[in-house]
Structures are given as structure tokens and as C-alpha cells.
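As given, the protein sequences belong to chains V and F, one line each in that order.
For the first sequence, counting from 1, position 10 maps to 10 in our numbering; every step adds exactly one.
For the second sequence, counting from 1, position 266 maps to 266 in our numbering; every step adds exactly one.
The set of hints was computed from the structure by calculation and includes no laboratory data.
In this text, all values refer to a predicted model and were calculated from it rather than measured experimentally.
Any given hint could turn out to be false.
[Said to hold, decoys possible] BS3-like, lysine-lysine: derived pairs with alpha carbons at most 25 angstroms apart:
#, chain 1, residue 1, chain 2, residue 2
1, F, LYS291, V, LYS243
2, F, LYS293, V, LYS243
3, F, LYS302, V, LYS236
[Claimed, not checked] Okay, the calculated bits of chain V under chain F, using three or more residues with CB under 8 angstroms as the criterion:
#, segment
4, 156-168
5, 324-338
By construction, the Cβ of each residue, glycine as well, lies at the ideal position given by its N, Cα and C atoms.
Listed here are the chains, written in short residue letters.
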Amino acid sequence: MFLKLEPRGEASRSMSYLSPLLAGLLTLISGGIFFAFLGHDPIDALRIFLIAPVEDLYGFGELCVKAAPIMLCAIGLAVAFKAQVWNIGAEGQLLMGGLAASAVALQLLDVESLWALPLVLLSGMLGGGLWGLLAGWLRTRFNANEILTTIMFNYIALYLLLYFVHGSFKDPDGYGFPASAMFGDSSILPVLLEDTRLHIGILFALLAVVIIWVMLSRSFIGFQIKVLGLDSNAAKLAGFKHKRLVAIVMIVSGALAGLAGAGEVAGPIGQLIPSISPGYGYAAIIVAFLGRLHPVGIFFASMLMALIYLGGELAQIELNVPLAVTSLFQGMLLFYLLACDVFINFKIKFNRPQISPTLENS
Amino acid sequence: MDIDLITNILYAMVRTGTPLLIVALGELVCERSGVLNLGQEGMMLMGAVVGFIVTLTTGSLMLGFILAIVAGMLMSMLFAAIALGLNANQVATGLALTIFGTGLSAFIGAGYVGVPITGLEPIAIPYLSDIPLIGKMLFAQDLVVYLSFGLFGLVYWFFKSSRLGLTVKAVGENPHAANSLGLPVMRTRYLAVAFGGGMAGLAGGYLSLAYTPLWAENMVAGRGWIALALVVFATWRADRIIFGAYLFGLASILNLVVQGLGYPVSPNLLAMMPYAATVLVLVMISSNVMKSKMYTPMWLGKPFHPHS
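For reference, chain F alone in the conformation it holds in the complex:
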């Protein structure tokens, strides 16, 4: 393998891992507050389709991304209204959100399938992007990738050093204790869910506006689900999420690598890789029952009703 190929693989790895990183960071905050939102896939699809249509009609990528985030947030508030406001089963509500988002995105995007747009272009930072191997990977990406580095830092700091981060963790570990300390349990959870929704919307928008600038039905292709597995893999820690996201990015571009090296492997078998890797990783990380129990937020997925 020559150095150019490795440089390009590293570049593509980060690019492919970015939507996973963004949506997984959002879901991390959501899950640390004790809310399991399985609707990531649906929220991403809505972000993708709304971002695409807005950019196509207004010509503004900026506006596309902003409304993709808004779309993800609105979807997450639909989830919150039912799962938090009405105390419904979070697993079922999340599934409903994914099914509904899949349908709604396909419905409103039906007339836009295959229409090309000019996507977000990479911006190479002078000098830094010329560093061998990692220069292109870190300094020749598009703005959203740079933003994702910042978002990672933000979430990392949020849980490590901020007061609000501590509140989120307390609410997820034991909402009753948090409630008796006077912490606003429900408000914290609504905000965490909204943050997760916005991140999912942004990740979806990244797919349709930068990664592959077009809209196709179901184009998120399970990334929302992979991100959910990523949070488990990362044992609910931000620093491990960035590592995991790029690892999955690498698994997803394996087909390009293998084709680049000239091995004749079926594209359908290679396309399985990220999903198979997800199962493998889940198996490895979950097999220690004690440990995985220790890491999981205690109240994850359980409804909290202040009066009961």
C-alpha cells in the first residue's frame, strides 16, 4: 500500500464516521439523561430530506443545515411528547418515530429523488493539510467535519466539567433522587431529547448535503441504528464514541479499499460489513454482564412520573 492510498483511506474514514459521530453524541446526551430514543433513524431521515429540499429550493446550504437541525428537533419533540409527556414505553415510541420518519421522509421527498445539487465542498487549511498521512484527514475536510470535532469537545467537556452535565447524569442515574434534590428532571430530559434530535437532524443533513449530495429514499441506511450500538460500544463515554465512530467509518469504506486493492469481492458481501461489525462489537462489549451493567445509566428507558 502506498502512502497516498493510506492518506485517502484515513480521509474517507473520518468523512464516513462524521455522521455517526454526530448522531451518537446526541444520543449519548439523551441516554445519559435516562431516555432511550430508538427513533434516531427516523430523525436522521427527516433531517436529510428537509435539508435537501430547503437547499434545493433556496440555494443556501446554511439554511438547509439549520432546517435539518430544526426538523430533527421537531421529530424528537414528537417522541418526547409521547414518551415523556404521556409516559409511554420508550422502546415502542422510538420505533414508531423511526417508522413514521421513514414514511414521512419518503413521502415528502418523493419528487426529489435523484435531483443533483452542489454539496458542501471541503476546505483545505493551508500548510496543515499538507502534513503527510493525517493532514488530509484532519485539515482538508468540510465545515461540518470541523464542526463535529468541536461538538465532540463540547460534549466531552459537558460531561467532564459542567454543572448541567452533572445534572443530566444525575437525572439518568436516579430521577427520584434528582427530583428530591430539586433538579428539574423532566425539563432536563426534554432538553436532552431535543439536543439528540438536533444532532440527528444535522447528521442526516450531512448525508444529503455533503456526503452524497442527493436525496434517496431510506438513504440513512441504518446509520441511526449503528449509532445506537455505538453508544453501547462506547460504554456511554464521549471519548470512546469518537474512536468507535471512525472505526465504523473504516468498516463502511472497506469496500472501496478492497476494490482499490483489486480484490474481486462481491459488493453485496462488503456492504454487510458495518452491520456485521456492529453485531461483533456489541457481543464483545456486552459479554461482561457486570461491567456493562455498571456503565449503563441506571434509569435508562424507564419512565419517570413525579407523582408516583
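The shape of chain V in the complex, shown without the other chains:
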């Protein structure tokens, strides 16, 4: 081997910031090659993918509409990942949030009250938070691996949602379509910018980013979470309550994903339908890593991820490529990130082939 990985003395700080940018660049280049391979002009294709979707105000609104749920899920996951709790269940927690929010909103169809919307959003947070807590409890009480339980809960949540949307939540006047009635106006998130779909959900996402930032960097609970993640034995010795911390991170990340789900049904969708998320909860995992589990990083990574979603939709129309190009690029981005991250802890050394002294003597 001419190339050798050699451990650095300590983790390189600059590399840890550089790595996401490098990964983005590599994804961009691979994307260009990929489009060229499909017979499109790579520059033009990338323009359609990354610039055309946000050329006007409406596009910018759409970007924020998509970024809001991703950001909410990702900032919650960052809290869990900081504590080394591998919550892969943001998607299911989002769905449960949407389901719980719909359950309340459907009771308030004709209610004209300022309290309707907060109630809908809070029940969404509660639904997602409890769904997350369930996995957390199974881990602390029964030692069940949270990666596997949260994944299973994603599937269970999807079928629960389908059960209700095909069952008791179905609009009786909906000609048998699996969809609930449209929510009442007082349960719908108000639109921020005229002529766009941009709703106040993006403000909740930004608020969540700030709150989590303060919590992680300034509060004792944030400190405990970080210690738990860095060294669980040290956390134990310091007397931090392990079970309580796991419960807290799962509730927080679940509630934020639940809020994202509530924001979808009470926002751009306006009713409960069988598919309320194109995998935002999974995309949020990538966003959390890409943003280095840091609120500022997550803000930018969410915007990028939202752009990939929009670009995928536009590419489907303009370039006639399958929508799956979105998750293809998402996976590619995460791969490149993981590969680039190696250079945080290792450096490459070039070995020149040399004759070893023992061989020379013999």
C-alpha cells in the first residue's frame, strides 16, 4: 500500500468544518457526472437542480416550507446523537405528531378560536414526544437497542396512520378517498408571505434551533447530555441520572419531530393524507451529521437538504428523471461526508517503496 492512514495526535478542528463543504462539493461533481452519464448537459442540469428552484420568491417560500420540518427533526436528532442515543425514528415521530395533531384538529373543525392552533401543535408535539419516549423507555428499562426499536416504530407509525386515514379519520363526504376532512381555518398555520406557501412553521424551526443551541451550550442539562455522549462512565461517576437523560433526549427529539408532522398536516397539506412526509425524518439524520450536530450547521444543512428535495422535483419535470434522484443524492452526500470525516482523526501518509535494511543485508 502506497497510501497509509496515520492517526493524528488530536482531532483536526478545521477538517471537521471543512469536511461537510468537501462532501457537498464531491456530491456536486458526482451529480454533474451522473447527469452527463444520463445524456444531459451537466452544467444545465445542475442549474435546474440547484438554482432554478429558488430563482423567484415562490421558490424561496417552497424552500422554507421544506426546510422547516427537516430542521425541526434534525435539531432534535442532534440532541439525541450528542448523548450517543441513536434515534433513527424521527420519521415515525413525525408521523405520530401529524396523526395526533389531526386527531385534535378534526375535533375543532368548526371552532373559531385562537386556541385551536396551539392545541393542534401541542398535541402533535405530545404525540411525537411520547412515541420517542416509548423507544427511550424500552432502552433504559429493557436494554432494547434503540436503533432497531425506533426503525420498527417508524413502520408501526406509518401503519397506524394508514389505519386511521382509511378508518375513523376518513372524511365521510370525501367520496371514499383515504383523506380526512380539510382542517378548519383556525387550525391552519398562517401564511407569512403573500403568494407563497411559506407559513409560520419556519419560525418555529428557527426558534427551536435557537432554544436547542442555548440548551446545549448554556444549560446544565445540555452539559450532562454532552458528557453522557462523550463518556458514559464519566457521566455515571458524576452522578448524572442516565435513565432520565435518555428519556429527556428522546422526548425532546420526538416532540420536535412531532411538531414537524403537525406543521405539515396543519400547514401546506391542511388535512391528514396517507403520505405526509417524503422521508423528512430520514433526511434529517443526514442533516444532523452534515451540520456537525451544531445548530448553525444544521440550519445550513437543512436548507441544502430542502434544496435537494426541490431540485429532485424540478429535475423530474424538466429532465424527466425519476424522483428517486433525491434520495440518491442524499445517500451520496452522507457517504462522502463519512469518507471526508476520516481526515478529522487521520492523515494520509504516502509510503515510498523502499528496500528494508534487513533485505539489503541478506
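Go by the hints and put chain F onto chain V.
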């Protein structure tokens, strides 16, 4: 319940459990070598889509299965290059593999959704398949099911009596000790990951070429994840994996059973069963912390860097 119904349930149980058995056996070998590859779902999807397209265009089921295995292996080598070659976090790399495989399979399979093919037909072994109750279950299946019996025997023997199996276990328990004994730690791990990938590809191919001969986006439907739970359930032992796989097969066909008996239960609630059963089983098997620590390969999921 009449005997025909039970015979058919047993038959369907083995048929449904087969892809789980195959992918879980592969993951077992991989995990015993200390590597946790969470990309099973992505590798299965790639096996399924590649197998389907190859069979559709060439008309050869054999070629479809072979290239499904190759596709799974190639995917696993992508994982190995990053997780083993570059020492990246195995959990994150496995997740990336699943997300990437989901996207790539949906992308290349987009034009093939809903196209029918003639799938692998069952072959009934004369006389043996007429045994009441278990005859159909064991002797009227398709070739891949028979192959899975053989693969089970192979993996069982591999860990029980083969030298290479011992090497794999040593590498998974303590790579540093294995390294100082002169065992090829990294090569063993690459091979174990490749074996896991090939098995996942085969299992995926089974889904799109035999179980339901068609391609649909995300058709693996979490089986890769269930197989990961199955390995935990089996406490990393091959003999318990076959038992677990068929148990999950049974949970998955519960909806057919219930419908067959004429109970009006929502199909969406029944579809939850395998996932709920997985959680239940994980809870039951993991709750004894000491025991589950004892069974888990010591170095599972931890990177090994020979020079550190």
C-alpha cells in the same frame, strides 16, 4: 382449523421466512467478525432490483440471482471501503448504505415498476412432499428455499467446526489479540462483509424473483432491519436464527391466516405485526443485561486500526 389450512400456513411460513433467514445468516457472519452493517435493507433492495431487471431482459432466472448476489456484494464493498478502509463510524456508514441503496434501487427500477415476470416455480419432491403437514413445508418449495436450508447448514458448520469460523469469531471478539496471533484481521472482516452482502443480495433477489415476482419501490419493506433484530434475538447463534426467521415468517403471514379464518381485522393493523413482534422480541431478549452482553461479539461495531 382443518389440516389443509395448517399445511398451507406452514408452507407459507417457511417461504416468508426464507429471505429473512438468508439475510440474517449473512449478517450473522458479518457481526461475528465484529462488523455491524446496518445497510442490509439497502443491499437487499439493490439485489432485488438488479435481479429483476436482469431476469426481465435476459429471461434467465439463474443470471438474475447471480447478479443479485453480485449487486449485494458490490454494495457491501462500498460499505467496507468506508467503514473498514477509512475507519468511519459503522452505524452511520450502514445507514448511509441503506439510504443510498433505497435511492439507487428506486432510481434504476423506476421504469420497471409493475412489469410482471414469471417467477421461480416451486419444485415438489415426489413422495416426500406428500407427507402430511410438513411435506409441503419442507419438500414442495422452490430451489432458493432448498438452497437456504443448505446455507443454514453451512453457516452452522462454519462456526461449529471450521478453522475459518474460529478465525472470524476471534476477530470479532478481540481483533488486537487476533492480530498479534498473526490472524489477518482486516482480510477476514472484508470477506465477512462481502459474504453478508452476497446473502443480502440473494435475499433481495428472492423477493423480486420468487416471493412476489415484480419490482416495486421499497419492496423489501423493512425486512433488512428485521433481520438485524433477528441476529440479536438469536443471540448470534445460527441454530436460533432459523427458528427466529420462521417465527417472523409466521408473524408476517398472520394477516392471511386471520383473513382465511374470516375475522374482519383491518389489514393495516395486521401489517404492523412483524414490526411489533420485532420490538417485543428485542425487549424480551435484551432485558437480561448480563446475558446479552455475554453473547454480543465483544468488538461489535468498533473500528480496528492495526497501527493504533
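Taking only the CA atoms, is the gap from LYS293 of chain F to LYS243 of chain V under or equal to 25 angstroms?
Holds, at roughly 19 angstroms.
Check whether the Cα positions of LYS302 of chain F and LYS236 of chain V lie no farther apart than 25 angstroms.
Holds. LYS302 of chain F to LYS236 of chain V sits at ~22 angstroms (cutoff 25 angstroms).
Given the proposed pairing of LYS291 of chain F with LYS243 of chain V, does the C-alpha separation stay at or below 25 angstroms?
20 angstroms, holds
Count the residues of the segment 156-168 of chain V whose CB lies closer than 8 angstroms to any CB of chain F, then report whether that count reaches three.
holds (count 7)
Holds or violated: the segment 324-338 of chain V covered by chain F, criterion of 3 or more residues with Cβ-Cβ distance under 8 angstroms?
It holds: at least three residues are needed, and the segment 324-338 of chain V offers 12 whose Cβ sits within less than 8 angstroms of chain F.
Figure legend: structure checked against the earlier numbered hints; every hint is met.
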